Amino acid sequence: KMTQQMRDLQLTQARKPPGPSSPNAAKRLYRNLSGKFRVNYTSFDEGSLVGRGEKEKFRKSYLFQSNAALFEAVELQDLDRVQEMLKHYSPEELDLNTPNSEGLLPLDIAIMTNNAPIARALLQAGAKESPHFVSLESRLLHLSTLVREAEQRVNELMAQVVNEAPNADCSEKEKQLKAWEWRFRLYKRMKAGFEHARVPDAPSSVHLSVASSSSLQVTFWEPLSINSAVVTKYKVEWSCSPSFSPLLGEAVIDKLKELHFTIQGLVSGTAYHVRVSAYNMKGWGPPQASTPPFAIPSNWREYDGRVPRRRGQAEALDHLLGQVKTVHQHCICHEPCKNQPQSRKHSVSKSLKHLFHPGSKFLKTLKRGLYLTAIFYKDDNILVTHEDQIPVVEIDDTYSCLLMQDFLWLTKVSCMWDEILWLRQCVTVSQSSCSCILQTRFKMLLAISQMQGLLGIQDLGQVFFEPIKDKQGNILIITLKEVKTNQTFESVRWVPICKLQSSRKSVSSPEEPTALDMLLISIQDKLAYHQRSSHALSPGLYLGYLKLCSAVDQIRVLVPEQLPNILCHVKIRSNPNISREEWEWLQKMASVEEPVPTETEADRTQNPLFQELQVAIKELMTLVNIPLQEAKDFRLYSQEVLDFGDQVSFLLLLPPSDDVCTAPGQNNPYTPRSGFLTLPLQIFELGEER
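Here the sequence shown is numbered in the UniProt record's numbering, starting from 1 and rising by one per residue.
Think of the hints as simulated: they come from the structure by calculation, not from any bench. Among these hints, one or two may not hold up.
To be verified - Label-pair distances were calculated between CB atoms; the ranges are:
1. Glu685 to Ser522: 20 to 26 angstroms
2. Ser245 to Leu546: 33 to 39 angstroms
3. Gln611 to Gln323: 18 to 24 angstroms
Claimed, not checked - Derived EDC-like pairs (lysine to aspartate or glutamate); straight-line CA-CA distance at most 16 angstroms:
4. Lys588 to Asp201
5. Lys571 to Asp643
6. Lys632 to Asp659
7. Lys484 to Asp470
8. Lys361 to Glu387
9. Lys499 to Asp304
10. Lys367 to Asp388
11. Lys235 to Asp201
No experiment lies behind these values; they were computed from the predicted model shown. We put the beta carbon where it would ideally sit given N, CA and C, even for glycine.
All chains, full assembly: derive it from the sequences and hints.
Okay, here's the thing in structure tokens:
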């Protein structure tokens with residue numbers, strides 16, 4: 001069938017544009033085509049297309065042009081153009097795995113011309129080899145046919161050019177001759193590439209690790225040899241026998257963005273042997289056994305049979321909260337007006353229109369007291385009132401009690417923004433003692449309700465870990481929330497942060513900045529903190545450093561500025577699971593006097609986790625600015641592995657017992673370099689949960 005197509009040039013031209021007269025002409029051709037398909041056909045005025053048939057015809061023309069442009073780029077070995085097309089267009093838009101009139105795919109041309117960079121780019125985009133090549137013989141026969149018919153066509157055109165007198169038809173024949181000469185050379189190069197290729201070597205390395213109590217993870221690397229053809233897929237095999245007879249299973253991996261595979265459904269406690277082999281157009285190469293030669297699916301919890309710490313906790317808390325609500329369901333909200341000035345009464349708004357209402361209860365200035373402000377931001381813009389002020393409401397103008405405990409209580413309330421009304425009912429009923437603390441917390445709930453009502457938004461976001469205090473006696477508690485682009489609000493006024501900072505600076509006193517001035521000066525840092533505190537770690541096992549410092553009213557924990565919701569840490573490896581064998585080794589390490597091993601011990605140990613920990617400890621000590629020789633006094637926390645979901649786990653490195661928590665006034669001889677901060681422990685716990 002292919003041969004018949006090649007014999008009829010007109011049929012070939014009907015299915016694919018005629019071959020270019022030269023490499024330069026071909027380059028111009030596919031650049032023109034790629035320039036055309038850059039225009040998205042859906043952006044055209046479809047009203048000009050008559051009927052569904054015309055639209056479908058236009059779509060097919062668009063796809064045909066993109067496919068032709070990709071073929072030309074691969075044939076001309078233009079890596080930059082191939083990468084540009086793969087970056088901006090999907091495999092479907094490029095028609096990546098549809099053969100051309102010669103029965104070839106772009107990947108076939110790349111691997112048979114031994115263009116490894118283009119072949120790898122195509123493979124990562126999901127390119128496949130042609131399904132027509134069911135054997136080595138069929139591939140060689142097909143290439144030989146293409147070469148023979150191209151040569152025949154060159155001879156025919158050459159004879160016509162020589163025998164015909166110069167005219168317009170002769171000029172066209174010369175162009176066709178040049179095009180076929182170029183294609184003849186391409187096919188010969190592809191045939192030579194196939195004939196000289198050999199099967200690939202074994203993968204250069206195969207690493208086997210325990211992923212869970214029922215799975216193993218296999219990670220492998222490309223063969224080192226550069227003389228064989230491009231590898232297009234890999235095969236992972238596993239067995240309970242070192243001879244791999246019988247095989248228990250195999251998997252072929254043809255998506256090569258990441259060279260790893262997880263074997264699922266294994267039996268805990270059973271040893272499995274694994275090997276990996278590579279494939280190219282000449283066939284499968286020899287297998288490479290894994291290192292270590294076998295692994296046993298397990299998890300550290302199997303060591304003593306303990307259950308996950310957080311199993312059922314969320315359900316238990318929901319049940320407990322339901323019980324508390326049931327007890328207080330008879331409460332009727334009655335706000336004690338005698339404790340609140342008349343000016344504090346407000347009506348609940350259902351939208352943001354009250355930002356612009358003249359009766360708004362937002363404050364313009366601070367007059368010695370405790371205040372709440374809500375920062376809503378989107379990109380570089382911030383939400384303001386109709387008077388270009390950050391929304392601020394008063395909590396208490398006679399605040400005199402200790403702030404920190406009330407503030408930490410408020411941070412916990414921020415997890416229940418939707419329950420503020422119910423909390424107010426409970427606190428109102430419990431006010432018989434009229435304690436200072438209870439009165440203050442009730443006023444906090446009133447201020448939150450006022451802010452929610454005026455904004456028409458229940459969720460005020462995350463409480464910033466530190467209130468702002470100025471010399472005038474004002475204390476400003478800040479909440480932060482990022483507004484997503486798909487959210488809609490009524491009559492919202494967004495102002496660029498820089499404009500708000502400039503206007504505030506022009507009316508402020510530089511000598512005595514108020515808490516609002518201090519907020520605007522540092523607002524970029526606070527927004528950056530808020531964004532970073534929601535970032536998640538990539539999957540893996542980490543080594544964390546626990547360092548606390550205490551004050552009279554709180555305990556603070558050391559965290560990195562770039563990820564303030566996680567302890568100071570370094571990544572040990574990408575596999576988060578600790579196997580039972582690894583945990584047993586850690587337990588033995590915890591029982592010796594020097595739990596952090598020395599280099600001489602490392603030489604005698606073949607445990608991969610040992611070597612990974614050695615590297616991680618050195619990196620972590622450098623990160624927190626502690627001399628490496630001090631690490632011998634540090635300890636690995638051996639009571640449990642801290643699991644954060646299924647993909648992230650932590651081992652903890654602890655200073656000596658006397659140094660875990662620095663007491664007030666105690667000098668810390670080793671202070672971290674810039675890039676760290678200390679958070680109140682309760683704030684850190686809330687951030688960790690988020």
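Going down the list of hints, with the structure as the test:
1. Glu685 to Ser522: 20 to 26 angstroms: holds, 24 angstroms
2. Ser245 to Leu546: 33 to 39 angstroms: 50 angstroms Cβ-Cβ, so the 33 to 39 angstroms window is violated.
3. Gln611 to Gln323: 18 to 24 angstroms: For Gln611 and Gln323 the Cβ distance comes to about 51 angstroms; the hint is violated.
4. Lys588 to Asp201: The given pair, whose Cα atoms are some 41 angstroms apart, is violated under the 16 angstroms limit.
5. Lys571 to Asp643: holds, 14 angstroms
6. Lys632 to Asp659: holds, 14 angstroms
7. Lys484 to Asp470: Given that 16 angstroms is the threshold and the Cα spacing comes to 32 angstroms, the pair is violated.
8. Lys361 to Glu387: Cα-Cα ~12 angstroms, so holds.
9. Lys499 to Asp304: Given that 16 angstroms is the threshold and the Cα spacing comes to 61 angstroms, the pair is violated.
10. Lys367 to Asp388: violated, 19 angstroms
11. Lys235 to Asp201: holds, 13 angstroms
Against the hints set out earlier in the document, violations occur for numbers 2, 3, 4, 7, 9, 10.
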